[in-house]
Each structure stands twice: as C-alpha cells, then as structure tokens.
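Trainee: These are the residues of each chain, in order.
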Amino acid sequence: MSTKPKVAFFDFASCEGCQLQIANLEEEIIGLVDLVDVVEFREVMTEKAPSYDIAFVEGSITRKKDEARLRDIRERSGVLVALGACAATGGLNKLKNVRGNLEQVRRDVYGSDWDRPHLETYATRAVGEIVPVDFQVHGCPINREEFLHVVEAFALGTNPEIPDYPVCAECKIKENVCLFHLGQTCLGPIVRAGCGAICPSNGVGCEGCRGIIPHANRNAMKDVLAEHNLTVEQITEKFNLFPLYPEVTP
Amino acid sequence: MEYKIISKSDFRDFVNRLIEGDHEINGVVKKGISFVYDTLVDASDLCLDYDETLLPPKKYFLPVKETLLTFKTGDPSSYHESVEATPRIIIGVHPWDLAAVALLDKAFSTGQSDVNYLSRRNQSLLIGMYPTRAFKHRFSGSMITDEHYQTADLMLVDLGNDTYAIEVVSEKGRDLMGKSTAVTADEYAIESLEKRKHVIEDGMHLSMPRGDLPEFLKKQQQSKVIDRRADRCFSCGACVLVCPTCYCFHVEEEVDLSLRAGRRTRTWDGCMREGFASAAGGHNFRETPANRLRHRILRKGKYLPEHFHLPGCVGCGRCAQACVADIASPLEIINEMNRSIYLPEVATLQKIKNMTDKDRFFEFTLEGRELGHQPGQFVELSIPGIGEAPFSISSSPTKQGGFEMLIRNVGKVTEAVHRLEPGDQVGIRGPFGSHFAVERYLGKDLLFIAGGLGLAPLRSAINYVMDNRGSYGQVTILSGARDRSQRLFPEEITRWSRAPDTLVLETLDHGDEEWTGQTGVITTLLPMVADRITPSDTKAFIVGPPVMYRFVIRELEAFGFDHKDILVSLERRMECGVGKCGHCQIDDIYVCQEGPVFTYDSIRESMEAL
Amino acid sequence: MTGKSIRIDNTHISRVEGHGNIVVHMEGDRLDRVEWQIPEAPRFFESMVVGRDWSELSRITSRICGICSIGHTFASQKATEAAMGITITEQTRRLREILNHAENLQSHILHVCYLVLPDLLGVGSVLPLIETHREVVLLAIRLHRLANETCDKIGGRTTHPIRACVNGWSMLPHKKTLGEIRDDHVKALKDLKTLAEFVQSLAHKFPDFERETEYVSLTNPREYALYDGVIKSSDVKEPIQPRDYERVTNEYVDDRSTAKWTRFNRDAYAVGALARFNNNREQLSENAKAIAGQLGLSAPCHNPFMNSVAQVVECVFSAEKTIEHSQWFLDNGIKEEDRGFAVREGRGVGAVDVPRGTLFHDYTYDGKGKCVEANLVIPTNQNHANIQADMEDLVPLIKDMSVEKMNLTLEMLVRAYDPCISCSTHCVDLRRS
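Protein chains in written order, with this note's numbering: chain A, 1 to 250; chain B, 1001 to 1610; chain C, 2001 to 2433.
Pulled out of the complex, with its shape left as it was, chain A reads as follows (with noise of 0.2 Å):
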C-alpha cells in the first residue's frame, strides 16, 4: 500500500485556469506525482477515488444543487483545500452578486428563457460559505511555487505558511518603480501577497485577486487613491472587481 497522501481535484464554476497551473508545473508533475498519489483529476484522468487525504476545490458554488456535491467532497476529504480566488473567495464570480438584482442578472443572459428549470442559479459564494475549509490557496491564477509548497507542507503535516503582509513589499523587493508615482494607482496596500506582484511588475496595477489581508487599512486605501483623483463610483468599483469587502478568513 502507497503511503503517500491521497490527492484530488475538483471544479465548480470556474474557468478551471487554477486547474491549469497543475499541468503547467511541465516537469516538476513528476516530481509531484512522486510526492503524493493523484486518485481523482477528472480533467486529466478517468479513475475515480472513494476517499482522499486532501481534496482541491476549484470554483464558486452557484448554484444550491452544487452545494450537495460540495458536501460530499467534503465528507470524503481529511482535509479540503479551495484552490483559486473564485474557491477561495468568491472571486470575479461575485461580480453577478454586485449587480444585485438576480432576476435581471438572469434574463440579460437567458432572455426570456431565464426561468427554466436547468438554468437556476443564486448569489455566488465561495466555498468556505457553505463547508468548513482547511486551507486557501488565493490567486486568479494560483501561484504554482505557492501550490506547491502547501502540497509539500501537507505531505510533511505541517502547515502551509502564506503571506499575512501586503503585495507593496514584493514590489519593494523587486525594485519596481511605484505604480502610484507612473500616474497609475494599485490596491497593492491591502492586498495579500504571494504572486510576486506579478501585475505591478508587468506595469498593472494589483486588482485584488488574491484578496485581502487580514487587518486591511481599507480607510487608508480609500483615501489614498481619492488622493490620487478617483472618483467615489470608481474607488468602489475597484474594491468590487474582485471581492474586497468582506473580512478573508485565512
């Protein structure tokens, strides 16, 4: 019998890019398959599992039929992990809750036949909203050094440790040039890092897809980019392209 941890992947509403990370690890695959046994991945492999060491979850939950396959995952797993932003927090999927009324949100893209049956949906929540979660791997994508290092941390059973401080510090370390001070502004401040601030390094500013951190200076965020001639519409537009209103549980 192997001893090596039993691992799993799974998606809910997504556009499975998270997913995608596992295979653009290119050669280090081998390295992980050695690491641990892949018993389910259903977009790379046709066998199934009846139970997992730890299951990866991509994708929001949309939808109250989804909810039960969740919690059947979830009852098969030792230890659940929700892999990506739409996983972790709802991410870009939670653009639909902002717009607020859901039976619009509906006809604008079914028309008249927003109603039927095979068409439900509700308000997007993450996955941490309906069962209880061991672990977030954040991003829009996920950061494949940073999966690979809480799949490391688990097989060792320790845990992960992931950035508590803000993306403005990987700027600083990679000596890039200020956003703010090229004319541009970044939510970099309240923003957790651990993508390397990708985006401020390729001349973008941060849009929060790994979320916020845990005592966030929201106050401070607002004022400082009203200070640099936003509007209020779009400061809150900001903080609702992925979502940043709610307090992230690590």
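In short, the hints are calculated from the structure, not lab data.
Cβ coordinates follow ideal geometry from the N, Cα and C atoms, glycine included.
Check before you lean on any hint, since a few could be wrong.
[Said to hold, decoys possible] Rough simulated footprint, nothing fancy, chain A against chain B, three-plus residues with beta-carbon under 8 Å: (1) 1026-1035; (2) 1052-1065; (3) 1226-1236; (4) 1248-1260; (5) 1273-1287.
[To be verified] Computed list of lysine-lysine pairs in DSS-like fashion (alpha-carbon distance at most 27 Å, straight line): (6) Lys2153(C) <-> Lys2193(C); (7) Lys174(A) <-> Lys1065(B); (8) Lys1072(B) <-> Lys4(A); (9) Lys1008(B) <-> Lys1031(B).
Fit chains B and C to the given chain A structure using the hints.
Mentor: The following block gives chains B and C in isolation, referenced to the frame of chain A:
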C-alpha cells in the same frame, strides 16, 4: 588624504577592464524613471548622476533571501553551514549609504560575528560617489557627517568638466586606482573637489541637532503625532525593506519536493509588519500600527545611535518615497513632534449653517488629515490680527471629512468668526484636554443632560454613540433651551429620538402657543425618566451653564448615582491650551490639561470648581 | 438483431474541460435517447460586464477560460477597439499574433498529448505514460513549457495575460527576448516533427467515422487565419464580416444544456482546428502540408476524430509563424508606443480563432466608456449541436460493441472536439428588447 583625477571616458574604459576581470562589477543603472544597483555588462550602463536607488546596497551584503544552512530531513547532525560570497566592486555609493554600511558592519561584527554578512562584505570594494542631484525626500545633511562614510575605499567627485576627482581612502582603493590612468590631482582640482563634494543641498532639515534626538524621543513616547500617522499605515513594511539601516530578518526552513533535503533561510523582515512581534499562542507584542511606528522611530533615533554610536537613520529618504500612505519620513515625524506648541495649523471653512440669532454652526477641514480628536475636547481657533479663542468640538470623531463647531457671537474673536465665508482659512491648534471616554463605557446605559449651549460639546459624544449604537445600552437625552428660538440641532434631536432604545426629552424655560413639550428648568425632566434609569448601570454626562450643575447633580445624587459615574465639562478661560499661561486654573490643576471633562468625584471637594 | 438493452448515463466524462453528460438509451435497434447534455454551472459573464469600465472588460472576460484566456483577451480588446474606432499598430498586432500562436501551441499540445493520447494508448491518463513512454511525455512537456514561457515573455503571465491592453501593451519585451523566442521555436520544429511521427504511428486507432458537416472558421487572404479574418463557412461562397456574426450563429436555448446551441445552413456546424484546416488548408506552408499528408489528413475531412490531427498540423504552423514574427522584431526593433485614445460610445465586434474555434465578443459602450450590453459566442457553443448530430449518427454504427467500448468511443468523440464546456456556458446574450 591622497587625491587623483581621471577623465570620465578613461574611467569608463577602466570600468570595462574591471568588468572583464574576476570581480562582479555592480553599479547604479537606470530603471524606468528611477535607479537601481545592478551588475554591469558594459560601463555605458553606469549612471552615476542619480538621485536615489530604489534599494540600498545592503542587498549585496545581506541578500533579500539567503541560505544559512542545508540539511537532510530528519537528521539534525546533517545541518551544514552555507557561506558563499562573490568578490565584487560596487560603484556609486552615496555618503549616507556608506554611513549605513558602517552601521551594518558594526551590527554584524559586534558580539558574535555573522560570517554570512562578513564574508560578503570583506570581498567587496566600495567606490563611493558624492551626490550630483537633489532628492526631494533626502535629509542626510541633518543625520550624518564626514566621519561616517570612511567605509568606502575610494570616493568620486564629479568636477563637472568631464572629470572625476578621487579621494583615495584605503589601501585597497589605492591599489585599485593604480590599475587605471588616474593621475595625482593638482591644487586647482583639489579646491574644486572640496567645493563640489557638498554642492547639493537638502530640501529639508531636522529642527534640532541630531545629538539631541535620543533624549527628545524618550519624552515623545505618548505623542499623538505617531497615532495620527499610524491611522493611515498599511503595515506593508515598505519603509523597512528599502531602509539602508534596517537589517531584521525572518528565519525559516524549506524542503525540496523530494522531501529528503532542504535548507534554512533568512529573508528580510521588519518591525513595521503586522506579524513581526507575534508569538506562537497568538499574542502580538506590538499589535497596533501606532505601536510599531513608535518602535521604528525610537529605534532609528534613539536605540541604534545609543547602542552603536552611529546614526540610526542616515536621512536617505527612501522610506518617504516608498510609503504609499505618505507617513514614513522620520524627519517629518520628528519635526512635527518638535513643532512649536504655539504654532497654529491652517484649516479651511467648508460649510456654515445658522442655528439661532447668535449661534452659528461651522465645518472646517485640515490639510491632508483629520483632526483626530475625542468627544469633549476643544481646539484653539486663530484669526491673524484678531486673536485666538477656545471652542469645543461638536462633531464626533467618527465623522469623516472635517470637524464641526457651534460658535456663539459674544466677543472679538467670535464676531470675526461669524464674518467668515466658506473657503476662508483660520488657524487651529489642538485638540486639547480630556474627553468623554464613551469608548470605555461599552454596554452601559448613558444619560446626557444638556443645558443650552452645552448641547454643542455633548453632540460630539452623542453622535459617536449613535454611530456605534449597538455597543451601548439604553440612551436618554435631556436638553433644555431658553425658548424655541434658542433650540439647537432640532433635526438631529428628531433623528436621535428615532434611534433604537433612545429617549429624548426637551424643555424650554419659556414656552409659547406652538410648543407642546415640557416647560421649566432642566431639572423638571429628571423625575420623568426616574423609572427608566438604573444608576448603577448608567454614566451621566452634564454640560451647561455654571449654575445648572449644582442642581442637576443634587438630583442625580438623590437617584442614587455614584459620584464617579457623573461626568461634567467645565469651561474656564483657556488661552494657551497647553497648561502654561495660567488662566484656566481651578485650584491646583489646569483645566486645559486635566479637563475640561471631569468626573464629579474628582472635583467634589474643590473650592473653585462648581 | 438481438433485443439488447443499452443504457449509458455517463456523468463523469474525463479529460475534457468542464462538465458534460452522455446519455444513450437503446432497446434493440430502437434509439430511444441519444443526448449530449451540458449541466455545467453558468457564471453569467454577460451580465457581469454591464456597467463596468472599458479598461476592465478584457480583464473580466479573460476569466471566462483558463486555457484560452489569451484568445478571450484579444477578442475582447478587438471588440472594444472596433467600438471606439481604434486601429492598432503593426507592432501591437504582431506581438498579439505571437501570443495567440503560443496559446494555440500550448492548448493543442495539452489536448493531444495529455487528453487524447491516453485513449490511443489504452490508459486512463498521461500519468502512467511517464513510465511507459517517458521520452514522449518529456517532449510534450518541453513543447508545453516553451509555449507557456513564450506567453510569459510577451504577455507577462500565460493564464490571464497581464500586459495585453486595449491599443497596446503595459510593458514591452526586450529585443533579445524575441531572439530567444525565435531560436527556441526553431529547435521546437524538430520536436514537433518527432511528435507528428509518433501520432502518425497511432493514427489508425482513430475511429473511421464520417458525417458531412458544415465547417465555420475565420479566413484571411494574407495567411491561414487565427488572430484576424472574416467568417467563412464551407457551405457558403461569400465570406461574412465579423460584425454580422449573428447571421451565422443564430443561438437558441436547448433544454438539455445550460449552454446555448447554434446553427447556420444545416442543423449544426463545427468550428476548431479541423474546420480551419478544411477551409484554409491551401495557405499552410509546404512543410505543414507535408506533415498533414503524412498524418493522413487531407481537405475536406469530415471525420471529427481527425480534429486532433489537424491540431498537430497547426502546432507546426504556429511555430513557423512565431519564428517569422520574432524575426520581424529582430529586423525592425521594438519601440514605446502611446496607448491613449478618445473614449466614445459605440458598438464593436471582435472575432478571433482560438484553439477550439471561432470566438466572438460583441460590446456596446456609452459615451463614458461603460459597457451597456455584451454578447459572447464561444467556440464550444458552436460545436454542441454538431456533437449531438455526430452522436446520433455514430451510435447505430457502434451498437454492437460492448457497453464499455461504446462509452469509450463516445467519450473519444467528445474529446476530439477539445470542448471547453465551462466557457460555453457563458453563452451569448440575446438582444435585450
């Protein structure tokens, strides 16, 4: 001191020859609109005419992340030191960065030597550079002197005519320059060198001698300057990451994917980060941004200099540039702490509202910050040429975008205030004084008793409570005015009465046909709420004309109130606001310092208070 | 014939992106039910973009798909550029083409090597092949990694490319990076030749099934169309402008599917690599055509299983074009360009042929640059009806197989289309009345 000169093009050739040698050659290069230290591929990359680099040269001696030990998992005997160092020459280091290197050298060699740092440091040659450009955040002139940067092996001075002059500081430096075409400098060059070394001036200066900082900061530990700035702090740690004298780090272990081997590493860390002083078990020894900022300033201005006898902050200004919230500059913080207590700040009038025939309501904003007051405090308002007078603040600290005051036209200053229009500016000092500590009375019932103009300062506390309504128990507000035309804040009184579990009762000394409410003095309202109030669960706040206090307090005593649960605000003639001019004294205390808010308990025996 | 009763209710189709079900109920020769169902949870992107600023649209819509995020980004940006009357520079276009080709290569390698090859070698996934066919797996990984690294170098990140902006780039690569890309793709052509030979050795395992099909793709007189072109159908002589795409797509809701279906001149049509090959084969290089010939692929081909083979041919094509575009930069250099433009109201359509087929983004903006209406037609939407029609024709031909083999063959049919099911459930909006 030996001096040489070399043409810039010969210097470039010299650098190119060094690049071909076995040292790694690092120097300042352009990066976008800024500059960084990087490995040179060709001397034409070098940009010695720069204002400031994003990171200091400490990254070469204390890398952002380095391996201290390697190991095989499960085997403590397998821990093995990992020390590696590349011989390098670093070109273009400004004097203050050299002073910072001197501090780091001392920190890593005093006591037990840090072989990782020292092996890198000892294999490096430093070619310093006197500055050729100003940097708007720099204040190094206030923080370092010549003796602090003898850490360089050579110092370059741009003489401006396509020539560098060179101060030869060390033996290694002399040997290095021996390989170039540099020649001995003549008198004229030396004279020019001395002038140009310090030709760039700082835009800002410390408002006290550097040597006074440790004693000064020792007395500033409670300073509100820290708290106001820390309100905007993101705890991102950018300030400590870019700082040339910061060297704190975080140690951790990581394993390979094979799980069989790994390494212990250290990574830059800093006291301004939220979790820096957190211990296992959950306790954070520096939990608030204010605690952390306080520690940082004290470390730079007091602890480091006292310990190492070297400047703890070299005034480079990188932290000020890096801070998105614009709060980090030690110069700004110290100068603000050291600001004359008598110097007003400019505030702009935003809105006016007439309240009664002689009372007017004003909203002011300060430049770039909130007042940061507590309910019950006061400010001193100045109009140049007219005078200065104290006014209690009528808005809650929870109100964003300015503060409000209700001002009655009774004298020289207030008459001038009543002539102001939106857009006009005044001077403001403060906030001063003690406050209604409602933040300590969570869960309690609250009784507010306002006589006439007393409603103005009480409104600050009442609105704070209304903005945090769920944190308090039952609220009772009693308000008395002379007649209907003298009623203050009528719309808000209505709004308060609609809040959950809140009762508002008003009385007028003189009613009229349209007034359906109670008439009589304020004490007539007290029996009406007797059933509602449980004195042992209630805090009472009283503000009104001097004559009111004795009568109201007598009634509350009859209810069974404890003297420590009754708070009053006593006005006196306050002028300086900082406990010096003497006008506001009651017995042996200064009202501007220990009041205007007092518990009845503390003034009951006073001859002068009530 | 025997009165065999066959029930296939496959709700766990593996090695496809997204959730689809295959349902087959047969009594003897009577086909009671053959259904291709889409139960995938829709996310309502068309509604999410309404009210958002033009600068955010491509950042939101790239998240429709993790594999084709680059294709969505470009279709989105082209739609915005069309709406606001913006013409991009040659430099911007060529950089987009390099990124588009890199995505094409990355996606096709993933599909052919990781998702389809296991079927041809009788295993459940690519994982056991690490032991049994290590060299092939390492070669596939090498090509996959090259494509991803190229995306990183030009786009900043392969999934949800950061640098791609309306009318330009937030950051440009160094000239020497383009040199690296060119040299690496020259080497990759050798690996692709090896891959083609390997696939050739297995090509006989693809079922020999044909059904006359209408093929839709972009077409471009300048070259085999991917990034830019007008719409072509194999059934129609005249090409159709992208802004008239609705004449082609004609979407409707089917009860079996949370994704909408489309039809044009027949009950169904197909998009994808095979469609592009059928429509534009003549424009491929001699080298690519030769490889197609070796793989037994000629135009027109109506065997859906050959889509994977067409993808291998397109890998060669994309590598060749990447070399050509990189060389242009080495000859002409790269310069900073101003991305600014005047925001105005308008409607625009962006059409791009992404790995799985033709993708349309259709946006309407108000004068402040806020999106007021959006319409998206995803390649896989356009394939669903065709998959259904294929299944209906295929099932009677394979009914004498064991149920396991029938199930596998039907799964292989679905896989051949390389469907991106979760994207297709962001179906396009109908015109709001």
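Trainee: With a C-beta cutoff of 8 Å, work out whether three or more residues of the stretch 1026-1035 of chain B approach chain A closely enough for the coverage to hold.
Mentor: Per the Cβ count (4), the hint holds.
Trainee: Establish whether the coverage given for the stretch 1273-1287 of chain B by chain A is satisfied; the threshold is a Cβ-Cβ distance below 8 Å, and no fewer than three residues must meet it.
Mentor: holds (count 3)
Trainee: For the stretch 1052-1065 of chain B, count the residues whose Cβ lies under 8 Å from any Cβ of chain A; is that count three or more?
Mentor: n = 3 at 8 Å, threshold three: holds.
Trainee: Apply the coverage criterion to the stretch 1226-1236 of chain B and chain A: a residue qualifies when its Cβ sits closer than 8 Å to a Cβ of the chain, and three qualifying residues are needed.
Mentor: Three-residue rule met by the stretch 1226-1236 of chain B, so holds; n is 6.
Trainee: Decide if the proposed pair is consistent with the structure: Lys174(A) and Lys1065(B), CA atoms, cutoff 27 Å inclusive.
Mentor: holds, 12 Å
Trainee: For Lys2153(C) and Lys2193(C), compute the direct alpha-carbon distance and say whether it is at most 27 Å.
Mentor: Distance ~25 Å between Lys2153(C) and Lys2193(C) Cα, so the pair holds.
Trainee: Using a Cβ cutoff of 8 Å, are there at least 3 residues of the stretch 1248-1260 of chain B near chain A, or does the coverage claim fail?
Mentor: Holds, because 6 residues of the stretch 1248-1260 of chain B bring their Cβ atoms closer than 8 Å to Cβ atoms of chain A.
Trainee: Is the hinted pair Lys1008(B) and Lys1031(B) satisfied, with a Cα-Cα distance of at most 27 Å?
Mentor: Status holds; Cα separation ~22 Å.
Trainee: Straight-line Cα separation of Lys1072(B) and Lys4(A) no greater than 27 Å?
Mentor: Holds: Lys1072(B) and Lys4(A) sit about 19 Å apart, inside 27 Å.
Every hint, counting from the list given before, is met by this structure.
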